[in-house]
Amino acid sequence: MGKKHKKVVVLPCSGIGKVYGAVARETAYELVEKVRPGLATLTCLPLLVINDPEAVALVTENPVITIDGCPKDCAKKSVEAVGGRVAKAYEAIKFYKEHKDLKPEGIAEVNETGRKLAQVAAAEIAQEVDKLAAEEGE
Amino acid sequence: MDIKVQKVGIVSCSGEEIPEGTLSRLACRKVLDERPGETVTICLPLFIAGGEEERTFAQNYPTITVDGCDKMCAAKATEMLSGKPSKSLLIPEILKKHGLKAPTKLRHFGPEEDAAVKAVAEEISKAVDEVLEEA
Numbered sequence: 001m002g003k004k005h006k007k008v009v010v011l012p013c014s015g016i017g018k019v020y021g022a023v024a025r026e027t028a029y030e031l032v033e034k035v036r037p038g039l040a041t042l043t044c045l046p047l048l049v050i051n052d053p054e055a056v057a058l059v060t061e062n063p064v065i066t067i068d069g070c071p072k073d074c075a076k077k078s079v080e081a082v083g084g085r086v087a088k089a090y091e092a093i094k095f096y097k098e099h100k101d102l103k104p105e106g107i108a109e110v111n112e113t114g115r116k117l118a119q120v121a122a123a124e125i126a127q128e129v130d131k132l133a134a135e136e137g138e
Numbered sequence: 001m002d003i004k005v006q007k008v009g010i011v012s013c014s015g016e017e018i019p020e021g022t023l024s025r026l027a028c029r030k031v032l033d034e035r036p037g038e039t040v041t042i043c044l045p046l047f048i049a050g051g052e053e054e055r056t057f058a059q060n061y062p063t064i065t066v067d068g069c070d071k072m073c074a075a076k077a078t079e080m081l082s083g084k085p086s087k088s089l090l091i092p093e094i095l096k097k098h099g100l101k102a103p104t105k106l107r108h109f110g111p112e113e114d115a116a117v118k119a120v121a122e123e124i125s126k127a128v129d130e131v132l133e134e135a
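The listed protein sequences derive, respectively, from chains A and B.
With the first letter of the first sequence counted as 1, position 69 gets the number 69 in the working numbering; the numbers rise by one all the way through.
With the first letter of the second sequence counted as 1, position 29 gets the number 29 in the working numbering; the numbers rise by one all the way through.
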C-alpha cells in the first residue's frame, strides 16, 4: 500500500502591479494544472485575508509553498497570519536571476518568455512539492 | 492656487482559484492602464503584509472593489482593514447584466474572453466616473 499523500498548497501572491507577481501566479497555475495536478492545489489568497474557514483549514492542515512577487512577502505573511505552516517560501525573481535568458514582461499576464520562466520555476518547485508530500505521508 | 488631484483606488480580488479572479485582475489592469492619472491600485494582501501606509489607503483614497464571487473578499478586506469602499462591484452581476457567460479558464485569456474583460472594465470605469463626480 502506498503512502497517504496530503495535498501541498501552492500560494502565489496576488501582485497586480509587478511582473514578478504575474510570474508567481503563472508558476502556481503551471504546477496545479500541468506539473503536479492532483497533488499541488491552490486557494484564493484573499480568502485568507477575510479568514474564510475552508481556506484557513486548507493552509493549516497542509504544508504550504508560497511564491511572492516582491520582498513584501504578502503570500507568506498572509499564510502565517492565519496560523498556516509555510514549508517553503520563494520569491519569483530568484528564478529569473538563475535564468537571465528568460526575462519576463507583462503585468497582468506574462508574455511567452515569462511563461517559459514559469515552467522552469514550476519544475524546480515540483521537487519541493514531492518532498513535502512524501514527508506528510510518512 | 489650490489644485486638488483626486484619485480612485481600485482593489481587485484577483482570486487565484476561479476564472473570475483572473477576469477581475485583467479588467482592473485595463482601467489602470487607460486612466493612469485617475486610478491607483494596491495588492489586496498588502493590507495584512504591509505597513501603516497600506492600512490607511482607503482613508486617503475613495476605493472601488472588484470581486469575482459572492464571498466578496476585496470588499470585506478593504472595509475590515482599511476603510469602507465607495463602490463594490461583483463580476457575476456585471456578466449577467451584459448577457455574457463566465470565463472557464484560469489563465491565458484570449479573444474569447475579450468581451467579458471589456464589459467589466467598462463598469469599473463608469464607477470611477461616478466616484470622481461625487468627490
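It should be emphasised that the hints constitute simulated quantities derived from the structure, not laboratory data.
As the structure is a prediction and not an experimental result, all values here were calculated from the model.
Accuracy of the hints is not assured; some may be wrong.
[As the list claims (entries may be wrong)] Calculated pairs, DSS-like style, for lysine-lysine (alpha carbon to alpha carbon, straight line, at most 30 Å):
1. K30/B with K7/A
2. K72/A with K101/B
3. K116/A with K118/B
4. K97/A with K30/B
5. K34/A with K72/A
6. K101/B with K77/A
7. K84/B with K71/B
8. K116/A with K131/A
9. K6/A with K71/B
10. K118/B with K77/A
11. K84/B with K6/A
12. K34/A with K87/B
13. K18/A with K71/B
14. K7/B with K84/B
15. K7/A with K88/A
16. K6/A with K30/B
17. K97/B with K72/A
18. K101/B with K87/B
19. K72/A with K96/B
20. K18/A with K105/B
21. K100/A with K118/B
22. K7/A with K87/B
23. K94/A with K118/B
24. K100/A with K34/A
25. K30/B with K116/A
26. K126/B with K18/A
27. K94/A with K30/B
28. K118/B with K76/B
29. K126/B with K77/A
30. K34/A with K126/B
31. K131/A with K77/A
Comparing the hints with the structure gives:
1. K30/B with K7/A: Status violated; Cα separation ~35 Å.
2. K72/A with K101/B: 36 Å, violated
3. K116/A with K118/B: With a Cα-Cα distance of about 27 Å, the restraint between K116/A and K118/B holds, given a limit of 30 Å.
4. K97/A with K30/B: Answer holds: K97/A to K30/B is near 29 Å, not above 30 Å.
5. K34/A with K72/A: Holds: K34/A and K72/A sit about 28 Å apart, inside 30 Å.
6. K101/B with K77/A: Between K101/B and K77/A the Cα gap is close to 35 Å, so the pair fails against 30 Å, i.e. violated.
7. K84/B with K71/B: 16 Å, holds
8. K116/A with K131/A: 24 Å, holds
9. K6/A with K71/B: 26 Å, holds
10. K118/B with K77/A: Since the Cα atoms of K118/B and K77/A sit roughly 33 Å apart, the hinted pair is violated (cutoff 30 Å).
11. K84/B with K6/A: 39 Å, violated
12. K34/A with K87/B: 37 Å, violated
13. K18/A with K71/B: Holds - the C-alpha atoms of K71/B and K18/A are around 26 Å apart, at most 30 Å.
14. K7/B with K84/B: At roughly 16 Å apart (the allowed maximum being 30 Å), K84/B and K7/B satisfy the hint.
15. K7/A with K88/A: The hint holds at about 14 Å.
16. K6/A with K30/B: 39 Å, violated
17. K97/B with K72/A: 38 Å, violated
18. K101/B with K87/B: Measuring from Cα to Cα gives roughly 23 Å; hence the hint holds.
19. K72/A with K96/B: Since the Cα atoms of K72/A and K96/B sit roughly 37 Å apart, the hinted pair is violated (cutoff 30 Å).
20. K18/A with K105/B: Within the cut-off at roughly 22 Å; holds.
21. K100/A with K118/B: This hinted pair is violated, its Cα atoms lying about 34 Å apart.
22. K7/A with K87/B: 37 Å, violated
23. K94/A with K118/B: Since the Cα atoms of K94/A and K118/B sit roughly 34 Å apart, the hinted pair is violated (cutoff 30 Å).
24. K100/A with K34/A: Since the Cα atoms of K100/A and K34/A sit roughly 24 Å apart, the hinted pair holds (cutoff 30 Å).
25. K30/B with K116/A: Cα-Cα ~24 Å, so holds.
26. K126/B with K18/A: 25 Å, holds
27. K94/A with K30/B: 28 Å, holds
28. K118/B with K76/B: Within the cut-off at roughly 25 Å; holds.
29. K126/B with K77/A: Distance of about 34 Å is beyond 30 Å: violated.
30. K34/A with K126/B: 38 Å, violated
31. K131/A with K77/A: 23 Å, holds
Checked against the numbered hints above, the structure breaks hints 1, 2, 6, 10, 11, 12, 16, 17, 19, 21, 22, 23, 29 and 30 and satisfies the rest.
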